[in-house]
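One-letter residues, chain by chain:
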Amino acid sequence: MTAARITPAEKAALREPWEDIARQRQAVELGMWAFLASELLFFSGLFAGYTIYRSIYPQAFWEAGAETSLWFGGANTAILLISSAVVALVPRAARWPGLGRFARAMLWIGALLGVAFLVLKGFEYREDFHEHLWPGPDFKLHAEGAELFFSFYWCLTAIHAVHLVVGICLLARLAVAGARDPGWFTETPAVQATALYWGLVDIIWTVVFVIIYLPGRGG
Amino acid sequence: MSDAVLDDTSLPHDVSTFDKGYLGDGHTLRSWLLTTDHKRIAILYALTLTIFFFIGGVAIALVRIELVTPAQDFVTADEYNRLFTLHGIIMVWFFLVPSIPATFGNFLLPLMIGARDLAFPRLNLFSWYLTVIGGAFTVYVLLAGGVDTGWTFYTPYSSIYSNSHVIAAAIAVFVAGFGTIATGINFIVTTHTMRAPGLTWFRLPLFVWAMYTVSVVIILATPVLAMALTLMMAERFFGVPIFNPQGGGDPILFQHLFWFYSHPAVYIMILPAMGVVSEVIPCFARRRLFGYDFMVYALVAISVVGFFVWGHHMFVSGESPYANLVFSFLSFVVAVPSAIKVFNWTATLYRGQITYEAPMLYAFGFVGLFTMGGLTGLFLASIPIDVQATDTYFVIAHFHYVMVGGTVSAFFAALHFWWSKITGRMYPETWARFAAVLMYFGFNFTFFPQFIMGWAGMPRRYGSYPPEFQIYHVLSSAGAVVLAAAYLMPLGYLTWSLRWGRRAGDNPWGATGLEWQTSSPPPTHNFDKLPTVERAPYDYHPEGYVETGEAARTIEASQKGGEQE
Ligand SMILES: [Cu+2]
Numbered sequence: 001m002t003a004a005r006i007t008p009a010e011k012a013a014l015r016e017p018w019e020d021i022a023r024q025r026q027a028v029e030l031g032m033w034a035f036l037a038s039e040l041l042f043f044s045g046l047f048a049g050y051t052i053y054r055s056i057y058p059q060a061f062w063e064a065g066a067e068t069s070l071w072f073g074g075a076n077t078a079i080l081l082i083s084s085a086v087v088a089l090v091p092r093a094a095r096w097p098g099l100g101r102f103a104r105a106m107l108w109i110g111a112l113l114g115v116a117f118l119v120l121k122g123f124e125y126r127e128d129f130h131e132h133l134w135p136g137p138d139f140k141l142h143a144e145g146a147e148l149f150f151s152f153y154w155c156l157t158a159i160h161a162v163h164l165v166v167g168i169c170l171l172a173r174l175a176v177a178g179a180r181d182p183g184w185f186t187e188t189p190a191v192q193a194t195a196l197y198w199g200l201v202d203i204i205w206t207v208v209f210v211i212i213y214l215p216g217r218g219g
Numbered sequence: 001m002s003d004a005v006l007d008d009t010s011l012p013h014d015v016s017t018f019d020k021g022y023l024g025d026g027h028t029l030r031s032w033l034l035t036t037d038h039k040r041i042a043i044l045y046a047l048t049l050t051i052f053f054f055i056g057g058v059a060i061a062l063v064r065i066e067l068v069t070p071a072q073d074f075v076t077a078d079e080y081n082r083l084f085t086l087h088g089i090i091m092v093w094f095f096l097v098p099s100i101p102a103t104f105g106n107f108l109l110p111l112m113i114g115a116r117d118l119a120f121p122r123l124n125l126f127s128w129y130l131t132v133i134g135g136a137f138t139v140y141v142l143l144a145g146g147v148d149t150g151w152t153f154y155t156p157y158s159s160i161y162s163n164s165h166v167i168a169a170a171i172a173v174f175v176a177g178f179g180t181i182a183t184g185i186n187f188i189v190t191t192h193t194m195r196a197p198g199l200t201w202f203r204l205p206l207f208v209w210a211m212y213t214v215s216v217v218i219i220l221a222t223p224v225l226a227m228a229l230t231l232m233m234a235e236r237f238f239g240v241p242i243f244n245p246q247g248g249g250d251p252i253l254f255q256h257l258f259w260f261y262s263h264p265a266v267y268i269m270i271l272p273a274m275g276v277v278s279e280v281i282p283c284f285a286r287r288r289l290f291g292y293d294f295m296v297y298a299l300v301a302i303s304v305v306g307f308f309v310w311g312h313h314m315f316v317s318g319e320s321p322y323a324n325l326v327f328s329f330l331s332f333v334v335a336v337p338s339a340i341k342v343f344n345w346t347a348t349l350y351r352g353q354i355t356y357e358a359p360m361l362y363a364f365g366f367v368g369l370f371t372m373g374g375l376t377g378l379f380l381a382s383i384p385i386d387v388q389a390t391d392t393y394f395v396i397a398h399f400h401y402v403m404v405g406g407t408v409s410a411f412f413a414a415l416h417f418w419w420s421k422i423t424g425r426m427y428p429e430t431w432a433r434f435a436a437v438l439m440y441f442g443f444n445f446t447f448f449p450q451f452i453m454g455w456a457g458m459p460r461r462y463g464s465y466p467p468e469f470q471i472y473h474v475l476s477s478a479g480a481v482v483l484a485a486a487y488l489m490p491l492g493y494l495t496w497s498l499r500w501g502r503r504a505g506d507n508p509w510g511a512t513g514l515e516w517q518t519s520s521p522p523p524t525h526n527f528d529k530l531p532t533v534e535r536a537p538y539d540y541h542p543e544g545y546v547e548t549g550e551a552a553r554t555i556e557a558s559q560k561g562g563e564q565e
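Order-wise, the sequence lines are chains D and S. All letters in the first sequence, in the order written, are residues 1 to 219 by this note's numbering. All letters in the second sequence, in the order written, are residues 1 to 565 by this note's numbering.
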């Protein structure tokens with residue numbers, strides 16, 4: 001198509017079989033959205049299960065929700081929201097002349113905030129173990145359904161954490177590769193795709209926060 | 001699409017200097033295992049799936065031997081459970097689900113839309129590796145002693161009681177599932193962004209539409225299975241009681257999540273088959289496909305409504321009667337677009353110049369068996385009959401008619417139709433016709449008796465049974481021998497044709513799709529000059545059109561019934 005007028009940066013970012021970086025960017029974005037739709041259905045299995053059991057055992061879910069640590073949950077929500085805002089700057093900044101280094105710095109900040117989230121989560125898990133909130137014979141609560149609440153607590157947060165680890169790796173990879181080849185960094189569709197993925201990880205967390213940490217507060 | 005384009009873009013292909021196209025582009029193992037060429041990845045898939053098809057086939061052969069006598073005497077009951085489970089897992093996830101999309105879809109989608117490759121070639125290779133890793137887990141399960149839950153992994157048996165390799169088997173399915181999702185994403189993006197100039201959505205061949213709709217179903221259904229299996233594994237491994245009544249959980253939730261995937265999975269198997277048949281029938285009837293628009297709408301309708309019928313697998317699981325009513329009604333509704341397709345294929349034949357090459361025979365086999373499978377599906381969609389037939393051989397026969405009779409027949413139709421495009425050689429026609437007829441006969445021989453014994457009450461998944469059912473089991477096992485022969489024959493003569501088959505030329509069928517405009521086998525970059533499209537698909541016999549050249553010769557040759565050089 002416009003193969004004659006390709007800049008070196010575009011050339012570095014072009015992948016087979018594309019001849020046109022704008023088309024390629026469109027394709028990668030569409031692919032990422034399709035993947036996010038798939039991810040959403042993946043989590044929706046858990047959300048559906050949670051909804052059903054919550055409607056069967058409203059009282060137990062209320063009691064069990066109060067056992068979670070609002071401090072850890074709230075702090076982590078704040079951390080992820082900030083990281084999301086930071087990472088959202090990257091796609092525009094990466095393409096802006098002269099802002100490449102800034103964009104890469106934002107990637108590192110986003111990744112570090114992700115690590116901070118995981119560290120806090122680790123401390124929270126330790127506390128939960130000490131308090132016998134792991135479903136099983138020594139489980140702390142006795143209301144029928146409370147164990148279910150904590151089954152969802154563990155599954156949701158653990159599966160989310162796996163996604164977060166993947167996200168941190170993607171951010172770091174992008175920052176490292178971008179420092180090595182700043183031209184590629186300005187043009188590659190991977191920037192937008194990575195930011196989209198990070199956005200999903202963040203949005204899933206906000207839902208988790210609402211359904212796991214907020215029941216049983218207030219009132 | 002149009003022959004005008006054919007004439008001025010691709011030079012007449014000299015049959016005497018045989019160009020090996022993409023097949024000649026590297027002969028090392030590395031050139032195959034690290035390839036990003038969609039055509040080579042399709043071949044990798046085809047070889048992998050063929051191996052699994054035969055492993056799954058051996059498992060069921062042992063089952064059919066056990067069932068020849070009423071007593072449990074050939075294998076133990078425990079081994080029997082492991083055999084039919086292995087058969088189910090392998091055939092569903094390592095053959096039927098990826099079968100047509102990962103092989104023919106991979107090979108043909110870029111060719112049919114006039115593109116150089118799929119949108120993400122490296123992702124494509126990655127999905128093959130995921131399939132292989134999943135396959136490796138399955139082989140591990142096989143060698144370590146198997147799994148006995150049935151392919152449905154129902155809780156709480158799978159999550160608490162089973163003493164077999166449930167986790168490894170679930171990981172196998174999980175990993176292979178993500179391979180399929182990656183393929184689905186690749187197909188969706190490719191169809192959206194890489195169509196040739198002039199190739200509007202309503203000029204797409206139905207095979208492309210089938211690949212597109214099936215991809216949407218794949219990316220939305222498969223992750224739910226992944227989550228169901230993840231939770232089942234979490235329960236088995238960590239003891240979280242999500243499906244365990246002792247902790248307040250409900251095993252039926254697993255069934256809901258499982259069937260939310262596994263009913264659409266039937267459409268993941270059958271939509272590609274419908275795509276294949278929609279290419280083959282117009283070509284050998286030399287007619288424009290009847291009701292093209294409605295064929296497209298029917299594909300879309302099936303994939304949408306197919307998401308809302310899963311509850312029909314749980315009529316006897318204690319589902320509420322109101323839910324049963326809705327699921328039953330929707331299961332009847334989803335039959336309507338399927339029926340539209342069958343009528344349109346039939347109407348395409350009307351006043352056609354029909355010839356009976358092997359792909360056409362397989363396609364006819366598809367229509368016949370799919371119709372049988374679909375109609376018995378209506379029996380099962382009505383609640384009173386389903387209560388009677390639940391967990392009997394009637395259900396087994398029904399879904400084998402759809403999934404095996406339908407999908408596997410179409411797989412073989414595709415294999416013969418595009419064999420010359422893939423390899424550059426013709427298969428031996430007489431042998432292929434014989435195999436096609438034998439497959440149809442063997443299939444009915446195997447599965448029709450299962451309808452009868454199921455109706456009479458023979459339950460599924462038992463290695464021993466009351467003697468009055470023996471006659472049906474003996475018939476079924478004898479039929480399985482015929483069917484096995486029909487499956488093995490193509491393996492023989494197609495391999496033979498790789499070396500001794502007649503060189504086919506670029507378009508031996510005189511077919512209209514873009515894939516026929518490039519050479520056979522196609523070059524690595526698919527087209528020397530990317531095509532443009534000016535007409536609707538299936539432009540057989542446009543006005544003032546006379547068959548010439550290779551197409552006319554082939555038709556003449558086929559009317560003489562020969563495969564002479
Ligand atoms: Cu179903």
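One or more hints might be untrue.
Part of the chain S face toward chain D, derived, beta carbon under 8 Å [to be verified]: (1) PHE120; (2) ILE188; (3) ALA226; (4) GLY248; (5) ARG499.
Derived by calculation from the structure, the hints in this document are not laboratory data. All values reported here derive from a predicted model rather than from experimental measurement. The beta carbon of each residue, even a glycine, is placed where N, CA and C say it ideally should be.
Taking the hints in turn, this is what the structure says about them:
no. : hint   : in the structure
1   : PHE120 : 6 Å, holds
2   : ILE188 : 5 Å, holds
3   : ALA226 : 6 Å, holds
4   : GLY248 : 5 Å, holds
5   : ARG499 : 32 Å, violated
Of the hints listed earlier, the one the structure fails to meet is number 5.
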